[in-house]
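Colleague: Each chain, letter by letter, is given below.
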Amino acid sequence: MLANTYDDGTDPMRRAIRYLLLTIAGMILGLPLGLGLGHRAFDEGNELFSDVLALSEYETLAGIQYKESDVPHARQALLDLLKFMDGMKANNRLGLQKSMSTDRGIAFMRLALLEEKAGNTSESREYVRKAQEAMKNRDGSVMSEDGLHELVTKYDNTPTYKLPSIFLLSRKM
Amino acid sequence: MKRWFPSLAAVTVGIGIGCGIGYAVALMSAADKNVLITPPTGNSFQRVFMNMGKLYAFETLASNCKGTSDIPFVLRNEADLIQKLREAANGSGLTPALDVAESRLAVRNAIMAEGAKDPKLQSEQAARAQKLLESNGWREPSASRMGQVIVALDHEECWQTPTTTEPTR
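For the record, the sequence lines run as chains A and B. The numbering used here puts the first sequence at residues 1 to 173. The numbering used here puts the second sequence at residues 1001 to 1169.
Source of the hints: derived by calculation from the structure; they are not laboratory data. Careful, some of the hints might be misleading.
Stated by the list, open to error - For lysine to any residue, the following SDA-like pairs were computed, each having C-alpha atoms within a straight-line distance of at most 25 angstroms:
#1 A:K98 / A:L168
#2 A:K89 / A:L29
#3 B:K1131 / B:R1076
#4 A:K67 / B:G1147
#5 A:K98 / A:M173
#6 B:K1033 / A:H39
#7 B:K1002 / A:T10
#8 A:K89 / B:L1098
#9 A:K154 / B:G1137
#10 B:K1084 / A:L82
Fair warning: this is a prediction, and the values are worked out from it, not measured in the lab.
This is chain A alone, in the form it adopts within the complex (with noise of 0.2 angstroms):
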């Protein structure tokens, strides 16, 4: 009988189990740090990499519109961009919206431009004010109708046919 005990006096297979037993709860403990720690990790990660697609290529293909068609085709691949971008938030794809500001602001200007070109003044100032907003959400900082002129014709002259936050996202991954 003495052989089947330790030192203490207890009973070899019933501290197994004991260890067997809190190893088990431990386990039970641990698994939803390590979901919750992998959640964290992972899903905002995915979430991300997936709008960094899909956007790269919605905007590529708008982007391949606006430089290479006329204006009224230009100006349906601008306006499609911006309602892909809002339906994105409306459908919770969060991720990207700051980064989407500058984007959206481009893509504003961009239709300004093109009703300026029209010949539609108006329209061209609506679209400036709402470019002016999408930049403001940015950073806060209101930027002029000059220097958003001067970025897109800047930007346009680029080969790139993404917009800027995207292609900088995508260069990334």
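Given the coordinates of chain A, work out where chain B should sit on it, guided by the hints.
Modeller: Structure of chain B alone, referenced to chain A:
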């Protein structure tokens, strides 16, 4: 050794194992939310969104930056995807420039046909691309103009991809 030490060690080991299992489960469930893995579900916007993400991925493969893509396989899948996008966009209130995507695909097919010495397919695809561009208000509606756009797109994509060279055709 303190009497409570083995008990504490058992609990700690348990927490470590539990934490590991939880982390692995979270990783697997996160994969399910990835636009590249999950089949498109939900409302029409969500399906357009997910298919757009996939289209970007196929275009990245079509750029063939590393020269290892199975281009015919990629282009076949891209054709199916554009069709699915058309269906999803219907009723979503969105009008993505899918004719442009289809025209880009046609020019990629024409380039592939040229490589395969199939002039009939090449001219068919080029004509298809041109027709789509004409109906989408292009100032220069030609397969060669779309070809230049593709070169720019591929250059951008390959420049973004680490350890790449110029696009391989």
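Colleague: So which hints don't hold here, by number, going up?
Modeller: Number 2 - this is the single hint that the structure violates.
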